[in-house]
Structures are given as structure tokens and as C-alpha cells.
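Trainee: Chain by chain, the residues:
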Amino acid sequence: MRTTIRAVTAVLATGGLLVAGCGRGGPGGGGDEKVSGGKIVLAVLNDQSGVYADLSGRNSVEAVRMAVADFQAKYGDRAVTKNIEVVTADHQNKPDIANSKAQELYDRQQADVILDVPTSSAALAVANVAKAKKKLYFNIGAATTELTGKQCNKYTFHYAYDTYMLANGTGSAVTKEGGKNWYIVYPDYAFGQDMQKSFTAAITAAGGKVLAKDPTPFPNDNFSTFLLKAPAMNPRPDVLGTMQAGGDLVNLVKQYNEFKLRDKGIKLSVGLMFITDIHSLGPDAFAGTTFTDAWYWNFDDRNRQWADRFTAKTRTRPSFAHAANYSAAMQYLEAVQRAGTDAADAVVGRLEGYSYDDVFARNATVRAEDHRVVHDVYLAEVKPKSEVKTDWDYERILRTIPAAEAFRPVGTGGCAL
Amino acid sequence: MIRLFLRHTEPAGRRPLRYLLLAAGLLLALALPWLIYPPVAMDIASWALFAAALDLLLGYTGLLSFGHAAFWGTSAYAAGLIAIHSGLPFPVAVLGGALLAAALAVPIGYLCVRNSGIYFAMVTLAFAQMIYFVANQWRSLTGGENGLQGIPRELLGLDLSDPFVFYYAGLPIVLLGLWGLWRIVHSPFGHVLVAIRDNPARARAIGYPVERYKLLAFVLSAALSGLAGGLFAISHGFASLQEVNWTTSGKAVMMVVLGGIGSLWGSTLGAALVVQLEDYLSTAGFDGIGIVTGTVFVLVVLLFRQGLWGAGRQLGAAAGRARRRRPKPPAATEAAPVPTPTTREEAAWTPSPRG
Numbered sequence: 001m002r003t004t005i006r007a008v009t010a011v012l013a014t015g016g017l018l019v020a021g022c023g024r025g026g027p028g029g030g031g032d033e034k035v036s037g038g039k040i041v042l043a044v045l046n047d048q049s050g051v052y053a054d055l056s057g058r059n060s061v062e063a064v065r066m067a068v069a070d071f072q073a074k075y076g077d078r079a080v081t082k083n084i085e086v087v088t089a090d091h092q093n094k095p096d097i098a099n100s101k102a103q104e105l106y107d108r109q110q111a112d113v114i115l116d117v118p119t120s121s122a123a124l125a126v127a128n129v130a131k132a133k134k135k136l137y138f139n140i141g142a143a144t145t146e147l148t149g150k151q152c153n154k155y156t157f158h159y160a161y162d163t164y165m166l167a168n169g170t171g172s173a174v175t176k177e178g179g180k181n182w183y184i185v186y187p188d189y190a191f192g193q194d195m196q197k198s199f200t201a202a203i204t205a206a207g208g209k210v211l212a213k214d215p216t217p218f219p220n221d222n223f224s225t226f227l228l229k230a231p232a233m234n235p236r237p238d239v240l241g242t243m244q245a246g247g248d249l250v251n252l253v254k255q256y257n258e259f260k261l262r263d264k265g266i267k268l269s270v271g272l273m274f275i276t277d278i279h280s281l282g283p284d285a286f287a288g289t290t291f292t293d294a295w296y297w298n299f300d301d302r303n304r305q306w307a308d309r310f311t312a313k314t315r316t317r318p319s320f321a322h323a324a325n326y327s328a329a330m331q332y333l334e335a336v337q338r339a340g341t342d343a344a345d346a347v348v349g350r351l352e353g354y355s356y357d358d359v360f361a362r363n364a365t366v367r368a369e370d371h372r373v374v375h376d377v378y379l380a381e382v383k384p385k386s387e388v389k390t391d392w393d394y395e396r397i398l399r400t401i402p403a404a405e406a407f408r409p410v411g412t413g414g415c416a417l
Numbered sequence: 001m002i003r004l005f006l007r008h009t010e011p012a013g014r015r016p017l018r019y020l021l022l023a024a025g026l027l028l029a030l031a032l033p034w035l036i037y038p039p040v041a042m043d044i045a046s047w048a049l050f051a052a053a054l055d056l057l058l059g060y061t062g063l064l065s066f067g068h069a070a071f072w073g074t075s076a077y078a079a080g081l082i083a084i085h086s087g088l089p090f091p092v093a094v095l096g097g098a099l100l101a102a103a104l105a106v107p108i109g110y111l112c113v114r115n116s117g118i119y120f121a122m123v124t125l126a127f128a129q130m131i132y133f134v135a136n137q138w139r140s141l142t143g144g145e146n147g148l149q150g151i152p153r154e155l156l157g158l159d160l161s162d163p164f165v166f167y168y169a170g171l172p173i174v175l176l177g178l179w180g181l182w183r184i185v186h187s188p189f190g191h192v193l194v195a196i197r198d199n200p201a202r203a204r205a206i207g208y209p210v211e212r213y214k215l216l217a218f219v220l221s222a223a224l225s226g227l228a229g230g231l232f233a234i235s236h237g238f239a240s241l242q243e244v245n246w247t248t249s250g251k252a253v254m255m256v257v258l259g260g261i262g263s264l265w266g267s268t269l270g271a272a273l274v275v276q277l278e279d280y281l282s283t284a285g286f287d288g289i290g291i292v293t294g295t296v297f298v299l300v301v302l303l304f305r306q307g308l309w310g311a312g313r314q315l316g317a318a319a320g321r322a323r324r325r326r327p328k329p330p331a332a333t334e335a336a337p338v339p340t341p342t343t344r345e346e347a348a349w350t351p352s353p354r355g
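Residue numbers (my numbering), protein chains in the order written: chain A, 1 to 417; chain B, 1 to 355.
Just so you know, the hints here were simulated from the structure itself, not pulled from any lab data. None of these values were measured; they are calculated from a predicted model. Positions of the beta carbon are idealized from the N, C-alpha and C atoms, including for glycine. Among the clues, some could well be false.
To be verified - Some residues of chain A that are not near chain B, with every Cβ distance over 10 Å (derived):
id: 1; residue: E146
id: 2; residue: A346
id: 3; residue: K383
Claimed, not checked - 16 Å max Cα-Cα, derived EDC-like pairs, lysine to aspartate or glutamate:
id: 4; chain 1: A; residue 1: K313; chain 2: A; residue 2: D70
id: 5; chain 1: A; residue 1: K131; chain 2: A; residue 2: D358
id: 6; chain 1: A; residue 1: K260; chain 2: A; residue 2: D284
id: 7; chain 1: A; residue 1: K74; chain 2: A; residue 2: D284
id: 8; chain 1: A; residue 1: K39; chain 2: A; residue 2: E334
id: 9; chain 1: A; residue 1: K133; chain 2: B; residue 2: D198
id: 10; chain 1: A; residue 1: K213; chain 2: A; residue 2: E177
id: 11; chain 1: A; residue 1: K134; chain 2: B; residue 2: D198
id: 12; chain 1: A; residue 1: K383; chain 2: A; residue 2: D358
id: 13; chain 1: A; residue 1: K131; chain 2: B; residue 2: D162
id: 14; chain 1: A; residue 1: K133; chain 2: B; residue 2: E211
id: 15; chain 1: A; residue 1: K264; chain 2: A; residue 2: D300
As the list claims (entries may be wrong) - So the derived label-pair ranges between C-beta atoms look like this:
id: 16; chain 1: A; residue 1: K260; chain 2: B; residue 2: T247; range: 16 to 24 Å
id: 17; chain 1: A; residue 1: T412; chain 2: B; residue 2: L141; range: 20 to 28 Å
id: 18; chain 1: B; residue 1: P16; chain 2: A; residue 2: G38; range: 14 to 22 Å
id: 19; chain 1: A; residue 1: S355; chain 2: B; residue 2: V301; range: 53 to 61 Å
id: 20; chain 1: A; residue 1: D391; chain 2: B; residue 2: V292; range: 41 to 49 Å
id: 21; chain 1: A; residue 1: S224; chain 2: B; residue 2: S140; range: 25 to 33 Å
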């Protein structure tokens, strides 16, 4: 009996060695000198088990795979290499894990580029890794303007959105449309404070007035103090601007509806909202709320076609983060194709100042000065349930905010590249 | 007078096995960055010291602190700030962080040690949450949610950017901390702590100032947690709110329980297991990380009441008994009825269930 087991073990071990040996001598060994290691590796590092798993997570990996397939279909034999891999890791929203994993992805998995990385502390940590390793990094999931501000670096690009763009879009648009008097409620931490400052600046510039701004604890379940204060103010505010996100936003909106502030003439504007937030609470809870969206799947035919392909693979509608991951992966591969190599400095050179237009990024430019990718963004309003025609059809796009106006002007963020 | 670092007179006839184990452990610590990815190895080393420091309280003093992230995190921020603003070598920054953590532990510990059990855990948690909110709010100092980024690693002009090299630069700090802990638990002071854990009323009756002993244990534990936290921040190049979050306290408690409460070395095993598990699961393509770590925790608690270390020790003891039971010339009959001094001494270290 024992000898049999030994024999089996020996056979298995030899087999394993053979397989391993073949793997090493296989495809990659051919020696495609244009790209490092004979292949291009795209890594998606994001939250796949926590609060951001729905709005980006594993489906973003799928979006990046779509980009690879589309790139290969587009260039066929002319592609710089046929050997393109997608790898992924879950940073669990912990900056230390993001930091170790980013190093491992660049070093061990030979990743040429890291994509996504929500949670601002993790995002900034990975930016420092990209800088040290001299490898590319497209941030999509994080909102902090520090990435293109004081902590910018040559290899880091900020792709989809940021706090300035969210606040500026909603703040100035809503003010211009008649919401002159604002009452701002914001969670008292970095994100909320940044949003509040940007909102106030945008509202004032558009001729409006911030009557009051109140920091709230974070996290917080009970917003009644602030919601009771709003209608009692003199003059009464036209708009309640909330910078809450995630679970806090859901609580605030529920209570806003319970206090019937909309009937009292106080509209709701939200700083950051994902379509997954609307989906989880239902459109009626948010109906009439305005916010800035980086992309909406049901905006036009081009978006719908892409969204249909995405839905066929994932059985869910894409958030803007999914589309942005697709777009960033595509633009990275296009830049490699133009450069004819995946050497990081050459690819950065091909990206800086590049203008393009794709399914996510319309009228887009990669700003050379701070690596902010600017593109059209959209002022959206949540439809009431009665107007929702199909699943996930939650938004009405009020207007397009052109790329040139949407993002922080060059030279004001303190980035020295 | 509390005799902290005096050598406790060990009974004669300590088994060489202990030294063998120690040498094996040391060798493993030195070989670790060859076996696993070096930044992960550094994480294991930092967490091992943190868990062992927590075990000084949990296993040897019988106090479950649920707020040790306060000390780990305070030191992480302090070490980072010292390294950024002064450019001093990183061990100095780490030491500075540990001292600040110890200083912070004096008032917190003073107020906490008057409670025990669940109340102690809750009060420590409350203080840790206070520290968390201070770190979150004091944005000019800590960077708030963005974290304190870009902490340099400075040591006599050496290039420590390679995590493999940094591991060997940081390891002596961890080993020093573990040695300190080992000396503490084997000193007369450590024995008094165990006495207090097992029966505080009797310890008080004998004349030991129980609260003062607990406070000193708390401060020492905080200082060594701080040592680990500072090193962690330097190794990652940043300190973030995660470091002062309650989940960090929870993770350390989990490591101690997994490794075996009241066995310093067990905590290091627990740390290695948890860090490796987190690292492995992040690329395993499975989106229920919490489910896996939770299941492991439940299994260990159900099957190995005394943690991995305790289970290993029981296994070793069983093997030893089997060996002794084997018919042997005269010596066997002599040894069988009375346990040897070593075993009895060891038995004293096994935590009693009421811990």
C-alpha cells in the first residue's frame, strides 16, 4: 500500500515538473523583443470583496479583457504583440495590501500597467510604487485630486473623475439653472472637505450663495439635525448639497424623503453618486436628484452598444468605472502600439498631450502638465420610477459639460512634472 | 520595586530542544524573504512583533485590549513624520514612534486598568476610536483619508529601496522587540503578571500593587506595538487611517488567538498565517476573503483551543509520553510517576481556561 502511494506521488511530481518545464519553454520563450518579457501584462488592482466591489471590482477585470480582445481584433497581425495578459488582485481597500500587491504585480507578474485602485490612500500609495518602479499606472477608482496635484508623478495618470470635477459640474450647473441658495452638508474627512471647498468655489463663481455648510460625523446614521435645520433657515435654501457617499448617502436620502424636503422646495444635489447606488435604493428614493456623472451607459447608441456587450458578459449594466477601465486599457494598448514598445518612458511620451475620442472618453486629452485625462462629463438627474423604461435606465442627462470646463485648470493643483 | 529585567532562576536541566527550536525559528526568520515575497515577509515580521506585544497583555496579564491599533497607528504616524521632517535614520524614527506610543499608553492605561474583562476591552476600544478620529481630522498632520505618503527609508546613506534589503535592515528591530518580550515574561515581573492573571485577589493579598503591574504591562505592550507599527509604516512608505482603525486591533487579537494565547512564539505563527492568508486570497480570484479568514478562525477556536502553538505543544507532549512509556531500563520506572521539573515548569505557562 505504502509503496503504491509513493509511486503515485513520484509520478505526480514528475508530471508536475514536466508541465512546469513546458510552461516555461512555451509561448513566452519565443522572444518577442518589442515588448518586455515577450508580453504585455495589464493588472487590475481594486476592491473585489468590499464596498466598492459592485461599482468596479471583478467586472472591471472583465471590461479590461474586452479591451484586450477589441485591441487584438483591431490590429490582428499588425499588433505590437499578440501576447497580452490580464492579471488581477484584490486590495480589500487596505492601502498596505495595495502597496505590497502593486510591487508584486510590477516585479513578479511583470505588469506593465496597473489600473483602477479605488480608496484614496491606496491610490496614492500605488502612485508612489509606480514612481519608484517606473511603470505606468492609470487611476480610475479614486477621487482625490492629489494624484494630479502635489503627489503627481511621471507614470501616474488620473483617468475618470475627481472631487473637483464632481463639485464643479454640479455646483455651477445647478446654480446657473436657478438653485442660487445652497446649504451644504458634508462628511468631515478629507473627501468631504475637498468636495465642500470645490462646491463652494463653483457655486460662488456661478453667482450663487452658500448659506451654510455643516460638517457631519463620519460614518453617520442620523441626519435629522441637518435636515430639520434646512427648511427653518432664512432665507430658505433652494438646494441641499450633500457630499455623503455610500451607506451615509443612502441614509441621508432616505431621511430627506421622510422629511419631505422636496415638497418644501429644497432640491437635493449629490456630490458623488454611482449608478449602483441608485440601483440599490431604487430610483424613486433619488428621483429629481442632480449629480455629475463621468459616463452613462444609456446616453447614446455608442454607449448602449458597448453596454450591451458588457452586459452579455457580466449580466449587469456598467458603471462609469467599468467603462473607464475599458477605455484606459484600450488607450494604454494604443499608446504601446504607437510607440512600438512597452518601455514605460516611451509609452508615457506617446500618451502626453494625446487627444482622442472613445466610448468612455469623449473629446479627451491626456494633459501633459499633470497627467489629468480630461473628457466630457455629464450633469445627470435621477428619473422617477414611472419614467424608467428598462432595467438600470435611471438617469436623464441634463447637459454635457465639455472637457475643457469639466476639470481643474492646469497649474492650480501644485503638480510639478 | 518591580523587577523587570532580572533573570528568573530557571530550574536546572532545560532541554536543549528549546534552543533547537529557537535556532530553527531564527533561521526561518532569516530565510523568510527567500521563501516568500520580501514586502510580505516584512509585513509578517512587523505583525509578529505586534501580536506578540499584544499577547503580553492578553496571554500573560489576562487583559483583552481591543484598542492596540491606537499604539501601532500612533507610532506609524509619528515614525513617518520623524522620517519625513528630520531625515534621521529609520531606526531612530521607529524608536521615536514607540516612545510616543508608550507615552500615550500611560494615561490611557491608567484609566483602563481599573476595569477588567469586557469593560477593559470596551474602554480600550473607545480610546482607540478617539485616536482614529483625531488622525482622521488632523489632516494637516496625518493627511487624513489620503494618508501620510512618501515616508523615506534612511539609514547611513544605504540604498534600502529594495524590499529584500530592507527586510534585513528591519529584522533586528523585530528580533530585539521579541527578545525584550521574552525577557519580560521570564522575569519575576512576568511571573507576577501571570499570578495577577490567574488570581488578582490573591496577588493583591500577597502585597503586589496589581494596578501598577497592569499599567506597566500595558505601557510595555504599547511601546513594543509601537515599535512594530513604526517599522510597518517605514517599510510601506506611508501611514494611513487603516493603521488606527479598529479592524487593525481586531486583526492583532485574531493573530494571538490563532497562534495560541499566552505563548509569545505562537503569536508570530498566527501573524504569519493571517498575513499569508490575506496575501494569498487577494490574488486567488475568490471574492469572499472574510468568509475564508472567518472559517479558519472558527475552526481553530473549535479544534485547537490553545491555538496553533498549543496544538503543536500537545502533539509534542503526546509524542514525549509515548517515548517515555516505551519499556526502558531502570530510569523509566524512576521518571514515570513524577513529572520532570521541566514539564512542571512548562505546565505553569499553559494559560488556565479562565485566563
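Trainee: If a hint holds in the structure, say so; if it does not, say that too.
Mentor: Results of checking the hints against the structure:
For A/E146, the requirement that its beta carbon stay farther than 10 Å from each beta carbon of chain B is not met, with the minimum near 6 Å. A/A346, annotated as away from the interface, keeps every beta carbon of chain B farther than 10 Å; the closest lies near 23 Å. Residue placement check: A/K383 keeps its beta carbon more than 10 Å from all beta carbons of chain B (closest about 31 Å). A threshold of 16 Å between alpha carbons decides the hint, and for A/K313 with A/D70 the separation of about 14 Å falls inside it, so the pair holds.
Annotation: proposed proximity of A/K131 to A/D358 is violated, straight-line Cα distance about 27 Å (limit 16 Å). For the suggested pair A/K260 and A/D284, the alpha carbons sit about 13 Å apart, so the restraint of at most 16 Å is met. Only pairs whose Cα atoms come within 16 Å are accepted, and A/K74 paired with A/D284 is rejected, the gap being roughly 42 Å. Taking the CA atoms of A/K39 and A/E334, the gap is near 15 Å; set against the 16 Å cutoff, the hint holds.
Taking the CA atoms of A/K133 and B/D198, the gap is near 53 Å; set against the 16 Å cutoff, the hint is violated. The suggested pairing of A/K213 with A/E177 is violated, with an alpha-carbon distance near 21 Å, which exceeds 16 Å. Under the criterion of a C-alpha separation no larger than 16 Å, the hint pairing A/K134 with B/D198 is inconsistent with the structure, at around 56 Å. Distance restraint check for A/K383 and A/D358: the Cα-Cα separation of roughly 26 Å exceeds the 16 Å cut-off, and the hinted pair is therefore not satisfied.
At roughly 14 Å between alpha-carbon atoms, A/K131 and B/D162 fall within 16 Å of each other, so this suggested pair holds. For the given pair, A/K133 sits about 51 Å from B/E211 by alpha-carbon distance, which is inconsistent with the 16 Å threshold. As the CA atoms of A/K264 and A/D300 are separated by approximately 35 Å, the hinted pair breaks the 16 Å bound. Between A/K260 and B/T247 the Cβ separation comes to about 38 Å, which falls outside the hinted range of 16 to 24 Å.
At about 24 Å, the CB distance of A/T412 to B/L141 agrees with the hint of 20 to 28 Å. Roughly 53 Å separates the CB atoms of B/P16 and A/G38, a value that falls outside the hinted 14 to 22 Å. At roughly 59 Å, the beta-carbon separation of A/S355 and B/V301 lies within the given 53 to 61 Å, and the hint holds. Against the hinted window of 41 to 49 Å, the Cβ-Cβ separation of A/D391 and B/V292 comes to about 32 Å, which falls outside the hint.
At about 31 Å, the CB distance of A/S224 to B/S140 agrees with the hint of 25 to 33 Å.
Comparing the model with each numbered hint stated earlier shows that hints 1, 5, 7, 9, 10, 11, 12, 14, 15, 16, 18, 20 do not hold.
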